[in-house]
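Okay, here's what each chain looks like letter by letter:
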Amino acid sequence: MNDMTPMERNVETQDIKIEASNVQVHYGDTHAIKDVNVKIEDKTVTAFIGPSGCGKSTFLRCLNRMNDTIQTCRFTGKILLDGEDIYDKRVDPVQLRAKVGMVFQKPNPFPKSIYDNVAYGPKIHGMFNTKSELDEIVETALRRAAIWEEVKDRLQAPGTGLSGGQQQRLCIARAVATKPEVLLMDEPCSALDPIATAQVEELIDELGQRFSVVIVTHSMQQAARVSQKTAFFHMGNLVEFGETGQVFTNPKDPRTESYITGRIG
Amino acid sequence: MSDITQGKHSGSLLTQSAHTKKRNAAETRFKAYGIAAIAVSLLMLMVLVTTIVSKGLGAYQQTFITLQVELLEKKLDKKGTRILADIKKVSTFGYAPLIKSAVTAKVEELDIETGLKSKQLVGLLSKGAAAQLRDFVVNNPDRIGETVEFRFLASSRVDGYLKGRVHRDSIANDKNISPEQLDLVDALIAAGVVEKTFNIDFIIGADASDQRPEAAGMGVAMLGSLSMMLVVLALALPIGVGASIYLEEFAPKNWITDIIEVNISNLAAVPSIVFGILGLAVFINYMHLPMSAPLVGGLVLTLMTLPTIIISTRAALSAVPPSIRDAALGIGASRMQAVFHHVLPLAAPGILTGTILGLAQALGETAPLLLIGMVGFIASNAPDSIASGLMSPNSAMPAQIYEWAKRADPAFYERAWGGIILLLLFLVTMNTVAVILRRRFERRW
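Taken in order, these protein sequences are the chains called A and B.
Every letter in the first sequence is one number past the one before it in numbering that gives the first Met the number 0, and letter 93, counting from 1, is 92.
Every letter in the second sequence is one number past the one before it in numbering that gives the first Met the number 0, and letter 411, counting from 1, is 410.
Please note that the accuracy of each hint is not assured.
Claimed, not checked - Here are some of the chain B residues that sit facing chain A, going by a computed Cβ distance under 10 Å:
# : residue
1 : THR80
2 : ALA84
3 : ALA189
4 : LEU328
5 : LEU343
6 : THR365
Claimed, not checked - To spell it out: a stretch of chain A is covered by chain B in this simulated footprint if at least three of its residues, at any positions, have a beta carbon under 8 Å from a beta carbon of chain B; those stretches are:
#  : segment
7  : 31-37
8  : 63-71
9  : 104-116
10 : 124-135
To be verified - Keeping only pairs whose Cα atoms sit at most 30 Å apart, straight-line, the calculated DSSO-like set for lysine-lysine is:
#  : chain 1 : residue 1 : chain 2 : residue 2
11 : A       : LYS33     : B       : LYS118
12 : A       : LYS88     : A       : LYS178
13 : A       : LYS105    : B       : LYS73
14 : B       : LYS252    : A       : LYS77
15 : A       : LYS88     : A       : LYS111
16 : A       : LYS88     : B       : LYS174
Bear in mind the hints are in silico, worked out from the structure with no lab data behind them.
By construction, the Cβ of each residue, glycine as well, lies at the ideal position given by its N, Cα and C atoms.
Whenever a hint applies, use it, and build me the whole structure from the sequences.
Shown next, in the form of structure tokens:
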């Protein structure tokens with residue numbers, strides 16, 4: 000859309016991809032997310048920042064129901080994806096996760112070949128009919144993840160043999176291969192060196208033009224570099240949410256300002 | 000502490016401080032303990048292996064006496080019709096005279112001076128010689144009338160004499176053998192009639208009665224063990240792995256699963272004889288499965304092996320990093336797909352090792368077999384089918400070894416050691432297979 004002029008956009012009239020309202024999450028006795036309301040736009044990179052343990056990762060994992068796998072985790076509230084409540088009883092989380100892909104903090108390729116890593120998602124979702132179609136899906140995904148040139152000659156080599164940055168881009172390719180509408184990234188660069196980080200950030204920027212990307216990050220510079228919108232979490236509360244430029248230069252809440260200037264966190 | 004209070008850090012690095020010396024001495028001592036422990040266990044192992052091999056190898060060799068037996072028609076087939084039913088009517092007693100005359104003829108042919116009566120001459124042969132002869136005739140009725148060369152097993156005393164177990168001075172009170180007989184044996188050895196050779200029957204044969212230790216073999220008991228292992232593998236592996244996958248990957252963590260978990264750990268420590276009496280009560284007395292059957296033995300050993308397999312499988316599953324599960328779930332795999340496509344292949348080497356360890360444990364188990372009647376003299380021949388192998392009475396390798404070890408004749412003692420060699424070979428083979436499979440699975444991706 001009009002990513003080039005983010006400051007001029009009117010938030011409310013943008014295409015809303017995800018709308019979370021009154022989200023509460025408990026881990027056992029811990030109240031991890033306290034009444035969070037947020038609207039995440041399509042074709043936008045949204046960054047979640049905040050000190051460790053503030054709930055940003057927890058909230059991210061709510062968006063594709065990965066928290067379902069944690070037994071003590073209780074969720075209340077509503078998250079609408081394209082107007083449909085993903086916590087509705089009729090929703091199968093497996094189907095949801097095909098739409099809402101995820102990239103994790105530590106690169107976690109399967110101990111299989113590079114090709115199989117990327118092909119796994121399309122295989123389980125039955126996204127192709129012929130081998131050549133699958134080849135095409137794999138190539139497209141690897142190209143989107145900006146790793147095709149590096150691995151095209153060794154697609155049958157194990158994915159775990161790549162460097163950290165390549166592994167993370169492989170994981171991104173794997174997530175992209177299932178053609179998600181939303182891509183969640185949980186501190187995708189925290190285990191990477193600066194060069195690999197720069198490559199992944201560039202990639203995030205590109206991906207943000209295709210679909211909605213939500214990224215959790217510890218690095219405020221990274222949030223400022225890659226995102227159009229920023230949400231600041233603190234102690235389980237969504238303290239501030241707005242245009243990235245505004246949050247970083249002119250925060251409305253004193254806590255945001257303290258965090259950005261390095262006084263808390 | 001003393002370093003800090005006395006400010007020793009200012010000293011030269013080229014000389015060791017008292018504290019450092021003490022620390023290094025402690026480390027050296029600890030290494031010495033470790034090396035000593037390893038040396039002791041290696042020594043024990045060497046003693047064990049040497050003892051087993053030196054005592055057991057004798058069982059793989061047996062003394063044979065070669066004789067030419069004339070298969071007299073008038074004794075074996077009076078009517079001369081060669082009808083099998085008629086030939087079968089002649090019992091082993093009917094064959095005894097043939098052997099007697101064959102031995103006498105041999106002694107005369109070799110021109111050996113001996114004051115022994117023909118009964119004592121026959122005493123050199125195994126008591127199974129007549130049965131061996133009869134088996135041959137029943138299978139080859141057309142050879143009646145010919146003179147055929149046979150290799151008969153020597154009696155256990157003669158065998159013991161050749162192996163150095165029986166001496167002239169040790170047989171003073173032995174009514175089974177006399178010094179005159181040994182003189183004859185010496186003469187026969189010189190003539191090449193008596194010789195000691197490799198005895199395949201020990202590996203493939205069946206157990207024999209107290210009177211014929213020279214004929215006893217491990218083969219049928221090995222088949223019994225094999226059938227039990229098949230039952231254990233077919234039941235314990237799927238049940239154990241299935242239970243572990245459910246408990247580890249799907250089951251909610253609550254007090255019920257906690258209780259199950261504690262009980263599985265406890266079951267692993269239950270003495271195996273308890274499983275034996277359970278098998279007796281449930282499988283034999285209640286379900287009326289046959290006594291002494293490898294099927295029942297396999298069921299009992301399955302119960303015994305299950306906890307081992309479940310515990311090792313769960314350990315292998317929980318050792319797979321959670322990031323792999325996250326990765327699979329994150330791209331929309333279902334729980335089951337995540338487990339079967341990614342977690343299970345990674346856990347397979349561990350599961351395999353656990354299973355083979357459990358099988359090895361089951362293979363060496365004797366106590367539960369006592370209670371379901373698989374220990375004792377079970378006069379059975381090799382089963383003719385898998386079903387009869389499972390249902391007809393049989394023994395198992397460790398039970399057979401125990402049975403031989405408690406019999407009176409020292410010739411059985413040697414066979415017990417020989418059986419242990421076979422059992423250990425089995426275990427070593429299983430472990431080798433485990434290692435090879437592990438390697439292959441690990442290399443597969």
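Status of the hints after comparison with the structure:
no. : hint               : result
1   : THR80              : violated, 74 Å
2   : ALA84              : violated, 68 Å
3   : ALA189             : violated, 70 Å
4   : LEU328             : holds, 6 Å
5   : LEU343             : violated, 13 Å
6   : THR365             : violated, 42 Å
7   : 31-37              : violated (count 0)
8   : 63-71              : holds (count 4)
9   : 104-116            : holds (count 7)
10  : 124-135            : violated (count 1)
11  : A:LYS33 x B:LYS118 : violated, 103 Å
12  : A:LYS88 x A:LYS178 : holds, 24 Å
13  : A:LYS105 x B:LYS73 : violated, 91 Å
14  : B:LYS252 x A:LYS77 : holds, 26 Å
15  : A:LYS88 x A:LYS111 : violated, 35 Å
16  : A:LYS88 x B:LYS174 : violated, 89 Å
The structure is inconsistent with the numbered hints 1, 2, 3, 5, 6, 7, 10, 11, 13, 15 and 16, although it conforms to all the rest.
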